[in-house]
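Peer 1: Starting from the given sequences, assemble the full structure and let the hints guide the process.
Taken in order, these protein sequences are the chains called A and B.
Start counting the first sequence at 407; every next residue gets the next number (this note's numbering).
Start counting the second sequence at -16; every next residue gets the next number (this note's numbering).
Do not rely on the hints blindly, as some may be mistaken.
[Unchecked claim] DSSO-like cross-link-like pairs, simulated, lysine-lysine; straight-line CA separation at most 27 Å:
#: 1; chain 1: A; residue 1: Lys442; chain 2: A; residue 2: Lys727
#: 2; chain 1: B; residue 1: Lys256; chain 2: B; residue 2: Lys176
#: 3; chain 1: B; residue 1: Lys134; chain 2: B; residue 2: Lys92
#: 4; chain 1: A; residue 1: Lys846; chain 2: B; residue 2: Lys91
#: 5; chain 1: B; residue 1: Lys87; chain 2: B; residue 2: Lys63
#: 6; chain 1: A; residue 1: Lys544; chain 2: A; residue 2: Lys564
#: 7; chain 1: B; residue 1: Lys171; chain 2: B; residue 2: Lys209
#: 8; chain 1: B; residue 1: Lys256; chain 2: B; residue 2: Lys134
#: 9; chain 1: B; residue 1: Lys176; chain 2: A; residue 2: Lys840
#: 10; chain 1: B; residue 1: Lys160; chain 2: B; residue 2: Lys91
#: 11; chain 1: A; residue 1: Lys567; chain 2: A; residue 2: Lys557
#: 12; chain 1: A; residue 1: Lys486; chain 2: B; residue 2: Lys87
#: 13; chain 1: B; residue 1: Lys250; chain 2: B; residue 2: Lys134
#: 14; chain 1: B; residue 1: Lys225; chain 2: B; residue 2: Lys256
#: 15; chain 1: B; residue 1: Lys225; chain 2: B; residue 2: Lys171
#: 16; chain 1: B; residue 1: Lys91; chain 2: A; residue 2: Lys835
#: 17; chain 1: B; residue 1: Lys176; chain 2: B; residue 2: Lys200
#: 18; chain 1: B; residue 1: Lys225; chain 2: B; residue 2: Lys209
#: 19; chain 1: B; residue 1: Lys160; chain 2: B; residue 2: Lys92
#: 20; chain 1: B; residue 1: Lys171; chain 2: B; residue 2: Lys200
#: 21; chain 1: B; residue 1: Lys63; chain 2: B; residue 2: Lys47
#: 22; chain 1: B; residue 1: Lys87; chain 2: A; residue 2: Lys846
#: 23; chain 1: A; residue 1: Lys442; chain 2: A; residue 2: Lys675
#: 24; chain 1: A; residue 1: Lys840; chain 2: B; residue 2: Lys225
#: 25; chain 1: B; residue 1: Lys92; chain 2: A; residue 2: Lys846
#: 26; chain 1: B; residue 1: Lys160; chain 2: B; residue 2: Lys63
#: 27; chain 1: A; residue 1: Lys840; chain 2: B; residue 2: Lys87
#: 28; chain 1: B; residue 1: Lys209; chain 2: A; residue 2: Lys486
#: 29; chain 1: B; residue 1: Lys160; chain 2: A; residue 2: Lys835
#: 30; chain 1: A; residue 1: Lys442; chain 2: A; residue 2: Lys674
[Stated by the list, open to error] Below, a sample of chain A positions facing chain B; criterion: calculated Cβ distance under 7 Å:
#: 31; residue: Pro789
#: 32; residue: Val792
#: 33; residue: Ser795
#: 34; residue: Ile829
#: 35; residue: Leu834
#: 36; residue: Pro841
#: 37; residue: Gln842
#: 38; residue: Asp843
#: 39; residue: Lys846
Hints in this document: simulated from the structure, not taken from any laboratory.
C-beta atoms are modelled at their ideal positions from N, C-alpha and C, and glycine is treated no differently.
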Amino acid sequence: MSWVEVSNSLTYVILSSAESDLLYQSRAPVFPRSVKGAFRNLKWAVLVLAYGVYFLLPWLRWQRSSGPDQAVLFDISSRKFYLFDLVIHAQDLFWLAGFLVIAALVLFFVTGLAGRVFCGYFCFQTLWTDLFLLIERKVQGDRVARMRLAKSPLSTNKLLKLGLTHFLWLLVAFWTGFTFTLYWDNAPQLIKDFFTGNAPFPAYATTLFLMATTYVMAGLAREQVCTYMCPYSRFQAVMFDADTRVVTYDLIRGEGDKGRNKVTASLKKLDQRQQQGVGECIDCGYCVQVCPTGIDIRDGLQIECITCALCIDACDVIMCKLGWGKGLIRYTSENQTEGKKSPTFKLKNIAYGLFLLLAIAGLTWSVANQNPVDLSVVQVRQPLFVRLSDGRIMNSYNLRLENKTNKQVNMVLMIQGLAGAEIDTGQLKTITLKPQDTLKIHARIRWQPSHSTKLARPFQFNAVPLESSSVGMITTDATFFAPGSQY
Amino acid sequence: MSDAKTKSTQPVVQTTGHAWDGDIQEFNNPIPTWWIWSFYASVVFAIVYWVFYPAWPIGDSYTKGVMNNITFIDSNGEEKTMHWNTRALFLREMQQSDEALLTKDWTKKVSSASYQQILNSPEMLEYSRSAAIGLFGDNCAACHGHGATGKIGLFPNLADDDWLWGGSVEDIETTLKDGRLGYMPAFKGALNKQQIDDVANFVLSLSGHVVDAGAIKRGQAVFQGKEGGCYYCHNAQGSGLKSQGAANLTDAIWTVADVNAQSDIEKKKQAVKWVIDNGVSRRMPAWSGRLSDAQIKLLTVYIHELGGGQ
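Peer 2: So this is what it looks like as structure tokens:
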């Protein structure tokens, strides 16, 4: 290393080419070792459940009196989202905002209680990385075998194994992308069209794009996504406090007074170690080897830790073998490890929980109490009003009636709030709305405003169902304008 | 050279390793790897693009690209296949896209239906409305205005309930197909000033304006007599005549004299007198050669619906 002075104020450090590697940190490959245990089983269960739902749901058929027979279908062209018996129309998409509020509150609530639970158990990056790691392990063997293979010179065996791994990854990635596409069209038809080259272009583009991202993120980038790309790791940290249960290495138990030590002849038994002030951690490194992000949990809470809890399983395996008791690495809070009181439900968590319940109740209420028929009114503004031959004034309106039920609804249009006014919809006396159908009607209102009334006059359109059914009268506000209106 | 420890916070750079004149070195600030790869990828993309799309100029021609032809119907109605270009792409889109095919379907449906069927079908009315708005904007709005309210004295208002030439769908279709010639002779010279004043008084009284009773009586005699002959077209009662496009003078709507806009009766009278003095000559062109029958049908339904028709 040498120094060069560029100007009075600026000096650069000159590096030799060997030192220049410092400029860019290249990724240290991570070869996570397999582990068995309670958390691993839990994670497999979550994975099977999540994959079961994701990969099978588009194939599930559903009986509807009208509309497609796919249980879950996001139909862009007809602007309807089908979720089992619930049909979400375009104007109800604000429910999505409600759903996102709930999702955010669940995240706040759970993260405050037990840290990055979402990252460790439910995030698709974690789930797909897990599956890709499983494929890698089945083809190439466990950690040591994989490390040896990575170091070994190019050979037929290496090419075959790496090739098979990447081939299987691409296959999974393809089916992942394709399954996503299936949610947006009739699945059994789309699969035929897709492989005969007749599917629409967006189907191929979406599939290929998601295939590429799945392959790159879960196969190649892996923990770098969590560490460098994902914002969650950064902002979840602010939801932690000293009472949040996170994956923690018990520093007091593990290190003792003199630190951790390997099992040696004089440090075989627990009482021997305690006498000499040595901690219970035997520095076997298993917790480091199983970590999918390649960190050492014994260094404390770190931004890279996704709390997958596999190090807990690893340490428990070793501790059980030694008979020293599980829990050297465990879910615990900072206050608990320091022997302080550490309540699970603090005011913050209770408040999050309450808001969460409120949000769920609000969304449920909104979905359950939606209008069976929507009536929206847009005034024709050019011309805003027309003078008629008998001296009356006419305003025109474009009405949009949407039947959200699965039954045909017959309605008549009426107005309320304009004494003596006449509504004219031409020859359409009764309006027949087919199930899940939309109609646009041009309505003309003729009225003789008296001179004393304010001439921008609010009134209501009423759509009145002819049969007595679950559909009630639908009312929508509108305004009648006349010459000289102040608006 | 100064002490390394004091310099440890300075920016770190790499050199290319060469040294000139003993100590002149070149900094090496490599481009980020992702940028380099994006650059290579765009080079590969460009080469692929050259193969499939028009790209390189050769003399006064250019490479056309292969395996990327577009087939469309040209303005002579013949099928034409040519190399990729945005003009052909646009034409094909206008002829063969999902939206174009759907439009074709609906236009066919509407043009094969009777007016009674259309007026009773909310779906066909909706299609007529959305299709005709564009046709109206392209062909009619120049005179009648975008909201079809016209311009008083020049172009009739199509959004009210007053129809010079009839407001039934059949009448509107005839008007559109054959055009109309609206004519009223100028009476300046044919009638004297007093007579014209009297007729104006009579005409205003028809729609309920309060004017001098004597003038009304004199005006009525001119209006209904041979001298004025107004009743030939406007009818003895002044209620107009559809076959002549003569205005109904008894209602609240004025199509030529802007009576409603005038503040006092004197000015209203002036407006009516001006029309009697100078007459009216208005012409609407025939559209049968310029628009297809289907387009005229769509426009008919649209215009009929604006004011509710007759």
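Peer 1: Would the hint linking Lys176/B and Lys840/A be met if the CA-CA limit is 27 Å?
Peer 2: violated, 66 Å
Peer 1: Holds or violated: Lys840/A with Lys87/B, Cα cutoff 27 Å?
Peer 2: This hinted pair holds, its Cα atoms lying about 24 Å apart.
Peer 1: Does Lys225/B sit within 27 Å of Lys840/A, going by the straight-line distance between their CA atoms?
Peer 2: violated, 41 Å
Peer 1: Is Lys442/A within 27 Å of Lys674/A, Cα to Cα?
Peer 2: Distance of about 25 Å is within 27 Å: holds.
Peer 1: Check the hint pairing Lys209/B with Lys486/A against an upper bound of 27 Å on the C-alpha distance.
Peer 2: Cα-Cα ~70 Å, so violated.
Peer 1: With chain B as the partner, please determine if Leu834/A meets the hint condition of a C-beta pair closer than 7 Å.
Peer 2: holds, 6 Å
Peer 1: Need the status of pair Lys442/A, Lys675/A: alpha-carbon distance at most 27 Å?
Peer 2: holds, 25 Å
Peer 1: Hint check: Lys225/B vs Lys256/B, CA-CA at most 27 Å. Holds or violated?
Peer 2: holds, 23 Å
Peer 1: Restraint: Ser795/A near chain B, CB-CB cut 7 Å. Satisfied or not?
Peer 2: holds, 3 Å
Peer 1: For the pair supplied as a hint, Lys846/A and Lys91/B, is the alpha-carbon distance within the 27 Å limit?
Peer 2: Cα-Cα ~20 Å, so holds.
Peer 1: So if I understand the rule, the pair passes when the alpha-carbon distance is 27 Å or less; does Lys567/A with Lys557/A pass?
Peer 2: holds, 14 Å
Peer 1: Quick one, are Lys171/B and Lys200/B close enough, alpha carbons at most 27 Å?
Peer 2: The given pair, whose Cα atoms are some 21 Å apart, holds under the 27 Å limit.
When each numbered hint is compared with the structure, violations occur for hints 3, 9, 24, 26, 28, 29, 34, 36, 37, 38.
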